[in-house]
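K.L.:
Given chain R, put chain U in place with the hints provided.
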Amino acid sequence: MNYLKDGTYTDVLKKTRDLIHSNYKLLTHPMSGSLKPNQTPYKSVIVTEGCGRIDYESVILIENSMDAAYKFLKFKKTPLWTEKILNDFKTVDLSLIENVIKNPMFNAI
Amino acid sequence: MRLELGKIKINNVQFGEKTEVVKGTLYVNKDEIIKLVLEDDRIISADVELARPGESVRIAPVKDVIEPRVKVSGGGEMFPGSINKVRQVGSGRTHALVGAAVVTCGRIVGFQEGLIDMSGPAAKYTPFSETNNICVVIEPAKGIETHDYEAAGRIAGLKVAAYIGEAGRNTEPDEVVVYETKPILEQVNEYPGLPKIGYVHMLQSQGLLHDTYYYGVDAKLMVPTFMYPTEIMDGAIVSGNCVAPCDKVTTFHHLNNPVIEDLYKRHGKDLNFIGVILTNENVFLADKERSSDMTAKLCEFLGLDGVLITEEGYGNPDTDLMMNCKKVSQKGVKVVLITDEFPGRDGKSQSLADAVEEGDALVSCGNGNVIINFPPMEKVIGTLDFIETMIGGYEGSLKPDGSIEAELQIVIASTIANGYNKLAAKGY
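Respectively, the protein sequence lines represent chains R and U.
Take the position in the first sequence, starting the count at 1, then add 10; the result is the number in the numbering used here.
Take the position in the second sequence, starting the count at 1, then add 108; the result is the number in the numbering used here.
Okay, chain R solo, but in the shape it has when bound (with noise of 0.2 Å):
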């Protein structure tokens, strides 16, 4: 597991990109939830080693999120919250993973 821990949400977006460059493959949407990319202190995207090459998909997937989210924070900064409305975006981002690591077929990849 990668912990950028002072890192942002476009910092964690460019880390996915490197891997999947590197042969990794996308499990889960790197834009998930209804928060904006402006509005995401927390995110968490799950990858895989792939068996070898490029999955073109996930570079697809991920490009689109990078340019969504460029465009979201060209017009706002994420803001500076409060240590209890950061809590409540952890739990949230939690809540998003979570029932993606319960899910049976996840340990079947």
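What the hints contain is simulated information worked out from the structure, not anything from laboratory work.
Accuracy of the hints is not assured; some may be wrong.
[Said to hold, decoys possible] Listed next, the in silico DSS-like pairs over lysine-lysine satisfying Cα-Cα at most 25 Å (straight line):
(1) U:Lys442 with U:Lys377
(2) U:Lys250 with R:Lys35
(3) R:Lys94 with U:Lys250
(4) R:Lys94 with U:Lys507
(5) R:Lys100 with U:Lys250
(6) U:Lys456 with R:Lys84
[Said to hold, decoys possible] Some chain R residues well away from chain U (every beta-carbon gap over 10 Å; in silico):
(7) Asn12
(8) Asp16
(9) Ser32
(10) Cys61
We put the CB at the ideal spot given by N, CA and C, even for glycine.
P.N.:
What follows is chain U alone, placed relative to chain R:
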């Protein structure tokens, strides 16, 4: 299934000793509503306030909006599997208090979604500035976990709407509309010369504050399935989503789905409305593959000539939308997409987060990035504490005088992606 929907027109709401409808005015007993809500010990306090069209009132933050209805006959009760027994609904007779709405408000998370203005420039962007609203303001018990509070708030809204709906049981409706869909072979043979059209209804299903329920089943645990269109009118689908105000499909919007309404209006005239395919918008990419494969399979199996597809949300759901579009098109079924757009404040960027070659027919529900300014209201139901953290809001959104400058996406249902709004886009 055949459903008679009796519409009882409500043009005012007042507090009263007894919850009843008298000559178009809905009277509600405040104490009984509070007592009902507080039956759930996850909620520590509740209050009820009324908001009528044209009043200088701002309601924030809004969790859900529900139209009060009651099942008069035909089997089952409103909101099956959520607050009532999980019996099949969609047949017989249902009464609706049209012009009334239960609005739940209360803090769940710091970025709790949007607002409703009952008058002023922002009012026109939400349908709930035109309904007589019974606002239920709830406060969670101390230390309660967010999932529990979301569930408590959701159930409270449904219970209050069902309780108020009872006032319509023995009231003569002002209008009765009949909706009927027959089993597939009968339906196809009823209008053999008309194109067979279906509606693919995508349900939000990503996790906490991003969920929808069909007969009480979490949509992320479903596989695509067929639904008679009348089932939705009896509350078979309820909303557990409350993050993005502008394209949140409230339970009210499920009950009054505009695509279903408009397809029925043309049913038997220039199209044969076969029914609804429900599918979801999971985060796990493998789930998206499965759901879009099955959606396309159902479209082909039902022999559809064309489908309309709507989604809920932005980003992740856009991928499901495009996968459904591609795979359904590849089965030889014509597809039209209906959705809102986020092309930036200048309207020049890519509108959706994903696209496919087959997505060549789209009806837009408007641009959620447009900035609007709206003045302060005399009364606030709820609190304005979270305006700047709501989606569409930002630092400096809430001015000292109470006025707001924010993106249109802060207003409940302003660009809702099933078309129940007044915004669109034109190409030049």
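K.L.:
Hint numbers the structure violates, sorted upward?
P.N.:
2
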